[in-house]
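Residue strings, one per chain:
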Amino acid sequence: MPHFAKPEDGSWTEHYPHLGTAPVSYEDSISPEHHELECKAIFGRTWLNVGRVEQLPRGGSYFTREIAAARTSVVVVRDTDGTVRAFHNICRHRGNKLVWQDYPGEEVDGTCRQFTCKYHGWRYGLDGGLNFVQQESEFFDLDKADYGLVSVQCEVWEGFIWVNLDPENETPLSDWLGEFGTGLAGYPFDQMTQVYKYRAVVGSNWKLFIDAFAEFYHAPVLHAKQAVADESRKLMSVGYEALAYQLEGPHGMVSSWGGMAPPKDLSMVKPIERVLRSGLFGPWDRPIEFELPPAVNPARKRAWGIDSFHFFPNFMLLIWAPNWYLTYHYWPTAYNSHIFEGTLYFVPPKNATERVRQELACVTFKEYSLQDGNTLEATQTMLESRAVSHFPLNDQEILLRHLHKTAGSYVEEYQKSQASGVLA
Amino acid sequence: MTTFPAEFADLEPFADWALASESERYAKRLGSSMDELQAFYDAAFPRLEGALAYLDALDLHALPDDARRLLWLCYSLVNASFPVEVWRQTRVPDSGAAAVELVVEPAV
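If you read the protein sequences in the order shown, they are chains V and C.
The first sequence begins at 1 in this note's numbering and counts up one residue at a time.
The second sequence begins at 425 in this note's numbering and counts up one residue at a time.
No wet-lab data here; the hints were simulated from the structure.
Don't take every hint at face value.
Unchecked claim - Okay, the calculated beta carbon distance ranges per label pair:
id, chain 1, residue 1, chain 2, residue 2, range
1, C, A481, V, G148, 49 to 59 Å
2, V, G59, C, P470, 47 to 57 Å
3, C, V532, V, R286, 18 to 28 Å
4, C, E448, V, A387, 35 to 45 Å
5, C, A531, V, R386, 26 to 36 Å
6, C, D490, V, P167, 52 to 62 Å
7, V, I288, C, V532, 37 to 47 Å
8, C, A521, V, R386, 16 to 26 Å
9, C, E509, V, Q418, 48 to 58 Å
10, V, A378, C, P488, 42 to 52 Å
Unchecked claim - List of simulated lysine-lysine pairs, DSS-like, C-alpha gap at most 27 Å:
id, chain 1, residue 1, chain 2, residue 2
11, V, K197, V, K225
12, V, K405, V, K416
13, V, K97, V, K118
14, V, K6, V, K234
15, V, K225, V, K270
16, V, K366, V, K197
17, V, K366, C, K452
18, V, K270, C, K452
19, V, K225, C, K452
20, V, K197, C, K452
21, V, K197, V, K405
22, V, K264, V, K225
Note that the Cβ used here is the ideal one computed from N, Cα and C, for glycine as well.
All chains, please: the whole structure from these sequences, using the hints.
Structure below.
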């Protein structure tokens, strides 16, 4: 007997018939060749979130992003007129990486009036224009207007900065984000500027970590030892059911209950949580009040605790009931490894108590992530044994089915376009 | 000179927990025995509410050095509480060699 109503089709999965219900192949997570195709078909062609406007507080502020899956680095910069732009991070003279400090592979940020190449001193304006060439008269017919930085499509939605590395992309960001983008607009992301960012190198395919965060079926089991014993037993016996799932083009979301903020029964939480009134679900007392935009808690359930939006391919946005949010990025570095980033955003604390409550939420998040990350490496290695090829996904795992199907269809389309290109 | 404000002199034996960054606090937890964590917890936990009341009376962004160290101690208590209250081991169970680094954290 389900605790929460499912669609009339009988299940969330069958509500989207193209998904099917058959066991799913995970060959897409263990094949180096398939990974190369995904890099070109997905990461070279879709909108990718690279950060927030708060990372660019003033004209001349910039940061770099290493995008290994597209074999490039981009520099994102705010011009003096406020415009946010992105460029491939490469000097037009002889290909040196333009913006970096001691280690070329490390991301950097800062503020400058112009970008100067370390190698031969070529200088570029914040608009990407080439402004200065060392010993310009030594060159042959060099017109500086022809040698500006190579720009990357860049758009901002609700303060989130996105790039698209496909110069031929014709889909505006708003179309790409679809109804999730429209329905989330107005959420006060700009007031939640207290940032805690975690980073981990994870020995698994990027999709496996999205799998882990796209279902909460695992939560009462894998994380059982995080809770006090009675609460843990209760959570496991109840199991997990979401309030709602929605698919929107390549994206998907799960809306979940979560009664921990504050919990009904205080004996069910750890002493530190009782004293601080905070925990995994964030500080229990809301720092600001506002009306939720329509995409959040779509079922309008009182038990609502968290919504998790997955924007294909590698960005997740989690909105928590106590009014804070969390983002996940998964940056592939090989078929069996990726860089995971989890960033928590709170309203800045007014005093020490609020600050310590945030600390508790953050370090709790870290402990859960450690369990998740460790499990992923165990999954990756056994998938690679190929002892089993297909795996049954249940109805609470609909977003995983959707992710692997969507990623697969991007690869198929790419292969078709390459084949027809060769023929033409 | 004492590490913490005078009212919290009883916490002086745990001054080495007054660490500025999360990575230092986490490393100290992993490097401690359960007995050491228990001793720290037993001394600091009953003082947590008093410490926050003291700190809340001050401007969070202009804390005197001794108060800032008391705040760091509160962060450390949070970090050390998990093994003491639930796990009975310094690392979260089933996390093996996994590592997650905090790369951006607030100045205070």
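field: A378 of chain V versus P488 of chain C beta-carbon gap, inside 42 to 52 Å or not
entry: holds, 48 Å
- prompt: Are E448 of chain C and A387 of chain V spaced within 35 to 45 Å by their CB atoms?
  reply: holds, 43 Å
message: Can you tell me whether the CB distance of A521 of chain C to R386 of chain V sits inside 16 to 26 Å?
response: holds, 25 Å
Consistency of beta-carbon spacing, V532 of chain C to I288 of chain V, with hint 37 to 47 Å: Cβ of I288 of chain V to Cβ of V532 of chain C: about 20 Å, so the range 37 to 47 Å is violated.
field: Pair hint outcome, K197 of chain V versus K225 of chain V [Cα-Cα no greater than 27 Å]
entry: holds, 24 Å
- prompt: Is the Cα-Cα distance between K197 of chain V and K405 of chain V 27 Å or less?
  reply: violated, 30 Å
message: Within 52 to 62 Å: is that where the Cβ-Cβ distance between D490 of chain C and P167 of chain V falls?
response: holds, 57 Å
- prompt: Is it true that the C-beta distance of G59 of chain V to P470 of chain C lies inside 47 to 57 Å, as the hint says?
  reply: Since G59 of chain V and P470 of chain C have Cβ atoms about 51 Å apart, the given range 47 to 57 Å holds.
task: Would you mind confirming whether the straight-line C-alpha gap from K225 of chain V to K452 of chain C stays at or under 27 Å?
output: holds, 22 Å
query: Do the alpha carbons of K264 of chain V and K225 of chain V lie within 27 Å of each other, as the hint requires?
result: holds, 20 Å
- request: Given the range 26 to 36 Å, decide if the beta-carbon distance of A531 of chain C to R386 of chain V lies inside it.
  value: violated, 49 Å
- prompt: Are the Cα atoms of K97 of chain V and K118 of chain V separated by 27 Å or less?
  reply: holds, 9 Å
In this structure, the hints that do not hold are numbers 5, 7 and 21, in rising order.
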